[in-house]
Amino acid sequence: MSFELPKLNYSYSALEPYIDAQTVEVHYSKHHQGYTNNLNNAVGGSELEGKTIEEILNGVSAQSVAVRNNGGGFYNHNLYWDVLTPGGANRPEGDLLKAIENDFGSFDQFVDNFAKAAATRFGSGWAWLVKQGDKLVVSSTPNQDNPLMDVADVQGTPVLGIDVWEHAYYLKYQNRRPEYINAFMQAVNWDIVNDYYKK
Amino acid sequence: MKFELPKLPYALDALKPIISEQTLNFHYGKHHQAYVNNLNNLVAGTEFENADLETIVKKAEGGIFNNGAQVWNHTFYFFQFAVAPKAIPEGKLLAAIEAKWESFDAFKEAFSKAAATLFGSGWAWLVKTDAGDLDIVQTSNAGNPMRDGLTPLMTCDVWEHAYYLDKQNVRPAYIADFWKIIDWKVIEERF
Ligand SMILES: [Fe+2]
Ligand SMILES: [Fe+2]
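So the protein sequences, as listed, match chains A and B.
Start counting the first sequence at 30; every next residue gets the next number (our numbering).
Start counting the second sequence at -13; every next residue gets the next number (our numbering).
Chain A with its partners taken away, still in its complex shape (with noise of 0.2 Å):
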């Protein structure tokens, strides 16, 4: 068994305006893929053949920096593509809403704190809304890394990443990834985040 693409479930363009098609089409074709190809390189013939990837992230601390990094870049991509699938909820609702509401005071300040934690990561990086056990928080990892790892400093199920590598967002934002973290606040699709949260 090997590591496969998700299909995206939407076109390039379809993120426009907030992420443009030729982003989509390089993030996805060339940054994801190549996560994927090199994953199944790094894990084909080893013991990691057949598990899950939460499975090999939980024990990434014991593999190669291959593994970390490209099991990790092959995930968290996956998450992000899913969570910005058109359509859906602009905003969280239900059990969700209330949850973010009980751990951050509001969603506007949820929105507050996980902007800053993506604007302050420096270099390469994501920002997470991560949920352990019945709590919600926000985090950043460096480079592919996420909660799901055993090496990282705050440790939980991912429900909602952004990416905040500069392919990300430069060719059509440069310099300011602000702009890019407001937009893509505002594609979030809060019913599959709501899917995430509820697994």
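These aren't lab readings, by the way, just hints derived from the structure by calculation.
Computed from a predicted model, the values in this text were never measured in an experiment.
Heads up, none of these hints are tricks.
A short, non-exhaustive set of chain A residues, derived as facing chain B with CB atoms under 8 Å: (1) K59; (2) H60; (3) N98; (4) W194; (5) E195; (6) H196; (7) L200.
Built from N, CA and C at the ideal position, the CB exists for glycine as well.
We have chain A already, so just place chain B with the ligands on it with the hints.
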């Protein structure tokens, strides 16, 4: 003391088509400038307020280090390029390169590999050790070899902002082009 963005020894369209004017507009005019501005804001009222840049690169931590080292690294990077560069090293520097890597081509291959394989944002460096030998090192994010007692001679910025507008995901194409604008006269002087 206020840190200032140094004026470049060439026009922003001078390195095209290797590095586009648009890339330099952002890389020098926005990123490098922002590191200078951030550094000035951050050092105010700290022990580094009157420190020189090299001291900050060697001793500071956190935001002061990140922005200070990025100011130093970018100045070092931009000043090694020229419109009519000296294409290959000579003399003592060439001898030192051949002593370490056998040939100039083998060195280029090793350096290109270091630049291509640095995962995430960072820099590849040609450095001189205390003993006077040469070596290649990689640093993440704002990392700088002076913190490990090494003397930088040449650097390749592999943050995606250095090449994304021109080459997108194809970092190796940026690195292959990088050699065409390196002025070995500058690197010889640093050596
Ligand atoms: Fe990405
Ligand atoms: Fe740079």
